[in-house]
Amino acid sequence: MAKKIAVSEARVLEASWELLAQDGLEKFSMRKLADLIGIQAPSIYWYFKSKQLLFQAMANQVAREIMLNIHLQGDWKKQLHHYAVTMREQLRIYPCSAQLLMRTLPLESDYLQLLDQFLQPIEPLPLTDKEKLNYIVCVINYVLCHELDEYERQQVAIGIGVKDEKLLEGWALKSFDQIPQEKVSIIHRMYTNGLFGEVGTDEMFESGLDILLRGIEQKVIASS
Numbered sequence: 001m002a003k004k005i006a007v008s009e010a011r012v013l014e015a016s017w018e019l020l021a022q023d024g025l026e027k028f029s030m031r032k033l034a035d036l037i038g039i040q041a042p043s044i045y046w047y048f049k050s051k052q053l054l055f056q057a058m059a060n061q062v063a064r065e066i067m068l069n070i071h072l073q074g075d076w077k078k079q080l081h082h083y084a085v086t087m088r089e090q091l092r093i094y095p096c097s098a099q100l101l102m103r104t105l106p107l108e109s110d111y112l113q114l115l116d117q118f119l120q121p122i123e124p125l126p127l128t129d130k131e132k133l134n135y136i137v138c139v140i141n142y143v144l145c146h147e148l149d150e151y152e153r154q155q156v157a158i159g160i161g162v163k164d165e166k167l168l169e170g171w172a173l174k175s176f177d178q179i180p181q182e183k184v185s186i187i188h189r190m191y192t193n194g195l196f197g198e199v200g201t202d203e204m205f206e207s208g209l210d211i212l213l214r215g216i217e218q219k220v221i222a223s224s
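If you read the sequence shown in the UniProt record's numbering, its first letter stands for residue 1, the second for the next number, and so on.
Everything labelled a hint here was simulated from the structure, so no lab data went into it. For each residue, glycine too, the CB sits at the ideal point set by N, CA and C. One or more hints might be untrue.
As the list claims (entries may be wrong) - Across the chosen pairs, the derived CB separations fall in these ranges:
(1) P42 / D210: 47 to 53 Å
(2) S43 / L115: 30 to 36 Å
(3) P42 / L107: 24 to 30 Å
(4) I186 / S223: 32 to 38 Å
Claimed, not checked - Only pairs whose alpha carbons sit at most 25 Å apart, straight line, appear in this in silico DSS-like list of lysine-lysine:
(5) K49 / K27
(6) K130 / K78
(7) K78 / K174
(8) K132 / K27
(9) K32 / K49
(10) K219 / K130
(11) K132 / K77
(12) K174 / K77
(13) K77 / K130
(14) K78 / K132
(15) K51 / K32
(16) K51 / K27
Generate coordinates for the entire structure from the input sequences, incorporating the hints supplied.
This is the structure:
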């Protein structure tokens, strides 16, 4: 008699992350998940009624881990900077987690608490609730889109069979030969100087985050 496999919600979530690491979000299926665990596909639905509800639970798990790693210290700018950096670090631990957060709604308990945590540093500021929510959504979306962009760049490189950044730049430089110089003079200079190799780096992330935080600061000053 075949040994019965012990299954729990925690095991389904654990296997889901394993499957995401293997196949990515687009190829994720409940059937593949069941095969990975070693059970029949209908058994998965005992724990999660649909793939979307499973994704909601996974997004909530990521939100929980982000909250566990953030600390309240410094003024509102330092806190938001710390929150954004911590969020990025946690997204890099969980495969495809940026895509998950973009494809789910903040309906779960930890996800809602995370949003509230981001709002707390700017709660005392002379801003309307609409402005506060708008600015925090902008910061969170910046982090998510930065990680999404990096992921998609990697996938495109794999898809065209070029994994070396220098080879990708060389490909682009060949394309410049087909365009009149005066039409691409600025972007050509940046490619030649290797600036596109900076895309996705910590320095570029920090630069964009600084722009966002300084923009919020100017809004606060204008409202004071």
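Hint by hint, here is what the structure shows:
1. For P42 and D210, the hinted distance range of 47 to 53 Å is satisfied, since their beta carbons lie about 50 Å from each other.
2. Between S43 and L115 the CB atoms are about 33 Å apart, so this pair conforms to the stated range of 30 to 36 Å.
3. At roughly 25 Å, the beta-carbon separation of P42 and L107 lies within the given 24 to 30 Å, and the hint holds.
4. The hinted range of 32 to 38 Å is satisfied by I186 and S223, whose Cβ atoms lie roughly 36 Å apart.
5. Distance check on the hinted pair: K49 and K27 sit about 19 Å apart at the alpha-carbon level, within 25 Å; holds.
6. With a CA separation close to 22 Å, the supplied pair K130 and K78 stays within the 25 Å bound.
7. Annotation: proposed proximity of K78 to K174 is violated, straight-line Cα distance about 43 Å (limit 25 Å).
8. Restraint check for K132 and K27: not satisfied, since their Cα atoms lie roughly 37 Å apart, outside the 25 Å limit.
9. Distance restraint check for K32 and K49: the Cα-Cα separation of roughly 16 Å lies within the 25 Å cut-off, and the hinted pair is therefore satisfied.
10. For a cut-off of 25 Å, the pair hint linking K219 to K130 stands: about 13 Å separates their Cα positions.
11. Between K132 and K77, the direct Cα distance comes to roughly 13 Å. Compliance with the 25 Å bound is thereby established for this hinted pair.
12. Only pairs whose Cα atoms come within 25 Å are accepted, and K174 paired with K77 is rejected, the gap being roughly 43 Å.
13. Note on K77 and K130: the hinted pairing holds, with a Cα-Cα distance of about 19 Å set against a maximum of 25 Å.
14. For the hint linking K78 to K132, the alpha-carbon distance of about 16 Å falls within 25 Å, and the restraint holds.
15. For a cut-off of 25 Å, the pair hint linking K51 to K32 stands: about 12 Å separates their Cα positions.
16. Of the pairs offered as hints, the one joining K51 and K27 holds, with about 12 Å between alpha carbons and a cut-off of 25 Å not exceeded.
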